[in-house]
Amino acid sequence: MGLLKNGQAVADSYTDVSEHEVIGDTVAGAIIVSLQQWQEHRDALLERSAPLGIVLRSNEKPELIRSDLSHFAVIALDFPTFRDGRAYSHARMLRERFGYQGELRAVGEVLLEQLHYMQRVGFNSFAIASDAALRDWETAAADMSVWYQPGADERATAVELRHKVG
Amino acid sequence: MYQYDEFDSRLVKERAEQFRRQVQRRLNGELTEDQFKPLRLMNGLYLQLHAYMLRVNVPYGVLSSRQMRKLADIARRYDRGYGHFTTRQNIQYNWIQLEQVPDLLNELADVEMHAIQSSGNCIRNVTSDQYAGVAADEIEDPRIWCEIIRQWSTLHPEFSYLPRKFKIAVTGSPNDRAAVQVHDIGLRMHRNAAGEPGFEVIVGGGQGRTPHIGKTIREWLEPEHLLSYLEAILRVYNLDGRRDNMFKARIKILVHQIGTDKFRQLVEAEWAAIRDSELQLPQAEIDRIAAHFAPRDYPQRNDAGDLLAEQASQNAAFGAWLKANVAEHKTPGYAIANISLKSLTAPPGDITAEQMDVAADLADEYSYGEIRVNHRQNLVLPDVAQEQLFELWEKLAANGLGTANIGHVSDIIACPGLDYCSLANARSIPIAQEINARFQEMDRVHEIGKVSINVSGCMNACGHHHVGNIGILGVDKKGKEFYQFTLGGSSGRDAALGERTGRGFPAAEAVDAVENILNTYVELRAADEDFLETYRRVGMQPFQEALYGTA
Ligand code: SF4
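So the protein lines, in turn, are chains A and B.
Counting along the first sequence from 1, when you hit position 99 you're at 99 in the numbering used here, and nothing is skipped either side.
Counting along the second sequence from 1, when you hit position 454 you're at 620 in the numbering used here, and nothing is skipped either side.
For the record, the hints were derived by calculation from the structure and aren't laboratory data.
The C-beta atom is built at its ideal place from N, Cα and C for all residues, glycine as well.
Mixed in with the good hints, there may be bad ones.
Keeping only pairs whose Cα atoms sit at most 27 Å apart, straight-line, the calculated BS3-like set for lysine-lysine is [said to hold, decoys possible]:
{"id": "1", "chain 1": "B", "residue 1": "K331", "chain 2": "B", "residue 2": "K179"}
{"id": "2", "chain 1": "B", "residue 1": "K179", "chain 2": "A", "residue 2": "K61"}
{"id": "3", "chain 1": "B", "residue 1": "K179", "chain 2": "A", "residue 2": "K164"}
{"id": "4", "chain 1": "B", "residue 1": "K643", "chain 2": "B", "residue 2": "K561"}
{"id": "5", "chain 1": "B", "residue 1": "K496", "chain 2": "A", "residue 2": "K61"}
Away from chain A, derived, C-beta distances all over 10 Å, residues of chain B [as the list claims (entries may be wrong)]:
{"id": "6", "residue": "E366"}
{"id": "7", "residue": "D530"}
{"id": "8", "residue": "R669"}
Working from the sequences, and respecting the hints, build out all of it.
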């Protein structure tokens, strides 16, 4: 599994423990926990000194962690299948409405073709399954250069470009 | 009509090239069919019974003669010399090779057309009134807002993986010709108490297995807030629409399950957070788009009613066409001419490449080079001088395009059915053609008057049978094709779903049943009543007696 972060293929420094039964001290360093683990072991997790991340399943709305955002260095949003588009809305909520500025990671079935949509809604890191995708992501992300809609990234919309003053 | 600027052009070109790479990756095995499927669907490509089918968007049903010629050219070079106009104002080609699709899309891009999001679980081509901009009863031209919606919905990063497909229709006239009450979102323009135009927002209408008439969630919306309001609806749907069962995934089910009031609350709460965001269009952009739809500078003409009456009295066939196919134009001396694609010789909506060229030539000669497609699978020349109608009709008739049946018994909507569609239970096209053949005598057709017959080959209802005055649904009964009837459906201002008559009829008896229903109506009707009015007055019972005898 490769991780693409801010345009670079990098090693993932986090261990995903969201499926583990016990977390406690079994894993050292940065971890990613599930929503349930966070809710049940909040105090213990906050005592750890390593960076903390959380993964939200596609049926878990980010409202549930709205007041906790400052504790997370990574928020991973899961695509159980590429057809499940809820995380696109969750990402925009986190970025545009809740002001989350940390790493927003797409995990699950993350395909090359979805990359540009994901970037536009605010994801900045991607757990990509295939080597080919890791190789070709740059072309894929550059496929389209015109966007009609405002999003969570910095890209100007066609409307802005049309009416740019000066 | 709207003309692409550099941004619009670049987008469709890039999209065609992107698809070229995706097809390449599919052909060399990097993508599985399962992974490729949503990509091809979002570019309008279906796998049908015999070949790939490509559905090309005709944005809100408006075509230039140049675009029509390109569609003809594509029909000749990439298909078998014809195309098929659909109930969503689009055109489909039924015999397409996957390898050729990237080139085809590139050619479409050259004439400012595309197939983006013509299928898949995303926002589909927005549809509208085929008389937009020329209708005598219009409040404001809906095409301005359709184009704004087209751009906003194209490659929307958040709403490209919705629970299910999503259809939006807009009408600018109180006489709804866009069926807005049976769409996921219907927008109906009207004036508020202060006389300002705005939209009634209707949500959760739809056909298919569980038909619903849409619910109004907002009586009047300022047009400048249109996009933020749409975005709020789509976000609520994207998050809360069901994804566990594709038959329950349309927005109509969500609205029905949580109730209209709750749904409205969710939308209004979401809207409150985004209504003053960047989605509020700058006036300069609204003006830029509106300028493309500015009313034409029509040369002044006098009303030619007397001339037309005289021509009609000398030529009965022209008279019939004038009565059935010509509609009132907002400008004196002009008329809207409908071209029926419901002749005896071809399936409903089918048109040959040669006929497309003829339509394009006639549009250039008589209608400012513009053509419309309506949701009953016919074409429209929107801007014809009344005094040229006779000439136009002669040329149409000489090319098999002069059928005088718009809105009448043989103007049938039919889905592709068992002849093309892998989901079908029964054939639709042959039933439509048999009905058409039974009602060839024009005096009789006009004697029966306005009635809509819609045929679907299965409960997915692509032939809109629920909203036909007479709806015909093909079902499978122990391996045999049967047809069930519904009566009283309508997709207009008074939208209603039809009611079942009772048990279905085998294929051999279906057309007799239609005739029986129509005879019953003719017997019962009062003075000027059309079929729907009579049905609403007398109810189902006399029709059941005619069909099944008295118990
Ligand atoms: S109604 Fe059924 S048979 Fe007809 S096109 Fe739709 S899915 Fe196919």
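Is the Cβ of D530(B) more than 10 Å away from each Cβ in chain A? 30 Å, holds
Restraint check for K496(B) with K61(A), where alpha carbons must lie at most 27 Å apart: 51 Å, violated
Hint check: K179(B) vs K164(A), CA-CA at most 27 Å. Holds or violated? Holds. K179(B) to K164(A) sits at ~23 Å (cutoff 27 Å).
Test the statement that E366(B) is away from the interface with chain A: the closest C-beta pair must be farther apart than 10 Å. 24 Å, holds
Taken at face value, is the distance from the CA of K179(B) to the CA of K331(B) at most 27 Å? Cα-Cα ~24 Å, so holds.
With a cut-off of 27 Å on the C-alpha distance, tell me whether K179(B) and K61(A) pass. 37 Å, violated
Closest CB-CB distance from R669(B) to chain A, is it above 10 Å? Per Cβ check, R669(B) is outside 10 Å of chain A; nearest 39 Å; holds.
With the threshold set at 27 Å, check whether the alpha-carbon distance from K643(B) to K561(B) stays at or below it. 46 Å, violated
Checked against the numbered hints given earlier, the structure breaks hints 2, 4, 5 and satisfies all the rest.
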